[in-house]
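J.: So the chains spell out like this:
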Amino acid sequence: MSQDNNAANTFISVAHVASELFKAQSIAEELSITSKNARALAVRAGSTAAGFNEITRFIEGLSKLTIEAATSVNTIAISQTKIAANLFRTHGFIVRLNKVNYQAKENQPDIIDNIFQKVDSERKQLERKISSSLRELIDRLDETKMELRATQVVSVVSRVEASRASEEFQGSLNSVADKVSSAGSRINSHLETARKHLAHLQ
Amino acid sequence: MKAISLYQKGNHKWYCFGRDPDRDEKIIDTNQYMVMNGEQSIILDPGGIELFSQMLTSVLRYTTLDEITALFASHQDPDIISSLGLWDQCLPKAKLYSPWIWESFLAHFGMSNIKFEGIPDEGSSFQLGNTSLQFIPAHYLHSSGNFNVYDKEAKILMSGDIGAALDKDDAPFFVEDFEAHIPKMEFFHRRWMPSNKPKDDWIASVRKLDIEILAPQHGGLFKGEMVGQFLDWFERLDVGIAQNK
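Top line first, the protein sequences correspond to chains A and B.
Per this note's numbering, residue 1 is the first one in the first sequence, and the count goes up by one each step.
Per this note's numbering, residue 1001 is the first one in the second sequence, and the count goes up by one each step.
For the record, the hints were derived by calculation from the structure and aren't laboratory data.
Note that CB positions come from ideal geometry on N, CA and C, so glycine has one too.
Incorrect hints may appear among the rest.
Stated by the list, open to error - According to the in silico footprint, chain A covers these stretches of chain B (three or more CB under 8 Å from chain A):
| no. | stretch |
| --- | --- |
| 1 | 1056–1067 |
| 2 | 1080–1090 |
To be verified - Partial list, computed: chain B residues near chain A (C-beta under 10 Å):
| no. | residue |
| --- | --- |
| 3 | 1001 |
| 4 | 1022 |
| 5 | 1050 |
| 6 | 1052 |
| 7 | 1053 |
| 8 | 1110 |
So that you can see chain A by itself, here it is in the shape it has in the complex:
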């Protein structure tokens, strides 16, 4: 029963991770639009905002990175949910097989035992797959979190560059910096929540 619960907890937790990354992806898509708008703004602001123009490339890079991470985590998570659901069904099958009242005739192969051996070997294989896929999922989340630390730096540098631009553009450029900072925090919060969903499975 506890193996059943573990498998069920795994597919629930991993589905939660995928949904958190889906939310992070939506924010990253907004960030991508912010970056495009910022680039247009920097062009209009001219030479005084040349530095800002460069920063927009980093913002675009961060957005791309989050979208790629979300896609890859989603793929791992769906595959992991499927494995966990299969494992749950396999455990259920083994429990029911153990209740089969069967006695092999003398000199006849024990067909139930043969099935048991086969399914139990599949169970072990699924458990190994879950474990390695879980590791992969955690690594991918941690890696993305590390890479997103740059968001706060980009936000600070954006403010510095905004202060160098001509006055009429400063407000808009500062607003871009605010949006980058806010997007970074929100994405980070979704990654944190995703990570928490996996904590008890490790």
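Take the given structure of chain A and dock chain B to it, following the hints.
T.: Leaving out everything else, chain B in the frame of chain A:
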């Protein structure tokens, strides 16, 4: 699995899930629906066991497990509800609304935690948050115990297998050309629907409803005037014919 929003007004929402690109080609494509109102959600025809992972991942993008208070199974088929044993692990406090005659059959899919709420033959209503959904009888279309779900506020009728079509995996969610759609649903209706009498009764009862979207469990959804076109076509169709073409 793809998802589209069918309706949103305040905190009252409808989503449709389907067209899963990762689905095994041997498995028939299905449309799953989720209705949300405030902090409560119901999943309509949650689907087969093979689609469970994608469905769980998809619904969690819009709601939480605590908020999924109910499941609805229009009838007992495996593509409708064979995932029950897995949902049973995720939604221990939820209720399953389904035709009363299927209770002991559905329990074969695994129902240790979820509580079965049998819908009486004449139908009933269901309170979801601040709104009410109606379970509309659709017996023998195609199952002997069968219901649709009607939402008066959203003007959506989830019609189960009625209006179903066997379409391509990348077909749009909504039917775009009714005449071109007929060949995709004709065989299905002739073969799966057993008798003209319940068909005519059902058509007469749903013609009284104000329907903007008719949402079947397979294939494209009908919107606007296509709802009437479908009802007219279905009325003319002779069903219960076992010709495999």
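J.: Under the constraints set out in the numbered hints, which ones does this structure not fulfil?
T.: none
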